[in-house]
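Participant: Residue-level listing of the chains:
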Amino acid sequence: NAGVTQTPKFQVLKTGQSMTLQCAQDMNHEYMSWYRQDPGMGLRLIHYSVGAGITDQGEVPNGYNVSRSTTEDFPLRLLSAAPSQTSVYFCASRGKGQGRNEQFFGPGTRLTVL
Amino acid sequence: GENVEQHPSTLSVQEGDSAVIKCTYSDSASNYFPWYKQELGKRPQLIIDIRSNVGEKKDQRIAVTLNKTAKHFSLHITETQPEDSAVYFCAATSRTSYGKLTFGQGTILTVHP
Chain A
1046 NAGVTQTPKF QVLKTGQSMT LQCAQDMNHE YMSWYRQDPG MGLRLIHYSV
1096 GAGITDQGEV PNGYNVSRST TEDFPLRLLS AAPSQTSVYF CASRGKGQGR
1146 NEQFFGPGTR LTVL
Chain B
572 GENVEQHPST LSVQEGDSAV IKCTYSDSAS NYFPWYKQEL GKRPQLIIDI
622 RSNVGEKKDQ RIAVTLNKTA KHFSLHITET QPEDSAVYFC AATSRTSYGK
672 LTFGQGTILT VHP
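Residue numbers (our numbering), protein chains in the order written: chain A, 1046 to 1159; chain B, 572 to 684.
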């Protein structure tokens, strides 16, 4: 199993540009999430999904959109990039049900907005 | 919503010493408390977790304790080694949170040889 994969690893955008961060998992996990990591602030939840076709907002959703058309994929879209969105983005997934609490993280995407 | 506070923000110890990191949470419905280790430039990786029906859990040199009444939980690392140097995050979630984790701010642990 590849686990959770993310592309790209690094990205530089100009203010106002849009882009999509890709995330995929091959563990048939129902739950998927996007977090951003900023220095001194831990990981903060942007959006999450409990299954295909179902998404909801997390703690810091503004400026981001998500969709979940399949169990495997959970892309994160930046609509109009701003310097405040410079961060490291992690996608994560976990299974549903008792004993499947462990959340697995992807390798991250380091995004810089100029 | 849940709020998790983590202390200290930095911790420096000598090799062989013990290290303790503490977290408090606000939501009494939280029932699962994982700890993640993140090395520089890498993804967070689960090192130990505890559920609310257990007071303590050990795995070799690491242990986690949970006090539900006081709403705090702690990570204990004994006989620290330089390879334990990393950022450690605590987190909390509840059964009704559908896997959404609320993280503490992180602790930078440095183990000096």
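No wet-lab data here; the hints were simulated from the structure.
Treat the numbers as computed from the prediction; the structure is a model and nothing was measured.
Wrong hints could be hidden among the right ones.
[To be verified] Straight line, CA to CA, 30 Å or less: simulated DSS-like cross-link-like pairs of lysine-lysine:
#, chain 1, residue 1, chain 2, residue 2
1, B, K608, B, K629
2, B, K629, B, K639
3, B, K613, B, K629
4, B, K642, A, K1059
5, B, K639, B, K628
6, B, K613, B, K593
7, B, K628, A, K1141
8, A, K1059, B, K639
9, B, K629, B, K642
10, B, K608, B, K642
11, B, K639, A, K1054
12, A, K1054, B, K613
13, A, K1054, A, K1141
14, B, K608, B, K593
15, B, K608, A, K1141
16, B, K613, B, K628
17, B, K593, B, K642
18, B, K608, B, K628
19, A, K1141, B, K642
20, A, K1054, B, K628
21, B, K628, B, K593
22, B, K639, B, K593
23, A, K1054, B, K629
24, A, K1141, B, K613
[Claimed, not checked] Residues from chain A shown here face chain B by an in silico Cβ test under 10 Å; the list is partial:
#, residue
25, D1101
26, G1103
27, Q1148
[Stated by the list, open to error] Beta-carbon label-pair distances, calculated as ranges:
#, chain 1, residue 1, chain 2, residue 2, range
28, B, E586, A, I1099, 43 to 53 Å
29, B, R666, A, T1065, 44 to 54 Å
30, A, G1085, B, A641, 39 to 49 Å
Even glycine gets a Cβ: it sits at the ideal position worked out from N, Cα and C.
Participant: Work down the list of hints and note, for each, if the structure agrees.
Facilitator: Hint by hint, here is what the structure shows:
1. B/K608 x B/K629: The hint holds at about 16 Å.
2. B/K629 x B/K639: Since the Cα atoms of B/K629 and B/K639 sit roughly 18 Å apart, the hinted pair holds (cutoff 30 Å).
3. B/K613 x B/K629: 25 Å, holds
4. B/K642 x A/K1059: Roughly 44 Å between the alpha carbons, so the hint for B/K642 and A/K1059 is violated.
5. B/K639 x B/K628: 14 Å, holds
6. B/K613 x B/K593: 23 Å, holds
7. B/K628 x A/K1141: 23 Å, holds
8. A/K1059 x B/K639: Status violated; Cα separation ~47 Å.
9. B/K629 x B/K642: With a Cα-Cα distance of about 19 Å, the restraint between B/K629 and B/K642 holds, given a limit of 30 Å.
10. B/K608 x B/K642: Measuring from Cα to Cα gives roughly 22 Å; hence the hint holds.
11. B/K639 x A/K1054: 39 Å, violated
12. A/K1054 x B/K613: 11 Å, holds
13. A/K1054 x A/K1141: The given pair, whose Cα atoms are some 28 Å apart, holds under the 30 Å limit.
14. B/K608 x B/K593: 14 Å, holds
15. B/K608 x A/K1141: Holds: B/K608 and A/K1141 sit about 23 Å apart, inside 30 Å.
16. B/K613 x B/K628: Since the Cα atoms of B/K613 and B/K628 sit roughly 26 Å apart, the hinted pair holds (cutoff 30 Å).
17. B/K593 x B/K642: Between B/K593 and B/K642 the Cα gap is close to 11 Å, so the pair holds against 30 Å.
18. B/K608 x B/K628: Roughly 17 Å separates the two Cα atoms, so the pair holds.
19. A/K1141 x B/K642: 25 Å, holds
20. A/K1054 x B/K628: 35 Å, violated
21. B/K628 x B/K593: Cα-Cα ~15 Å, so holds.
22. B/K639 x B/K593: 14 Å, holds
23. A/K1054 x B/K629: Since the Cα atoms of A/K1054 and B/K629 sit roughly 35 Å apart, the hinted pair is violated (cutoff 30 Å).
24. A/K1141 x B/K613: Since the Cα atoms of A/K1141 and B/K613 sit roughly 25 Å apart, the hinted pair holds (cutoff 30 Å).
25. D1101: 8 Å, holds
26. G1103: At 7 Å from the nearest chain B Cβ, A/G1103 passes the 10 Å test, so the hint holds.
27. Q1148: Holds - the Cβ of A/Q1148 comes within 10 Å of chain B, reaching about 6 Å at its closest.
28. B/E586 x A/I1099: 43 to 53 Å: 48 Å, holds
29. B/R666 x A/T1065: 44 to 54 Å: 32 Å, violated
30. A/G1085 x B/A641: 39 to 49 Å: 25 Å, violated
Hint compliance for this structure: hints 4, 8, 11, 20, 23, 29, 30 are not met, and every other hint is.
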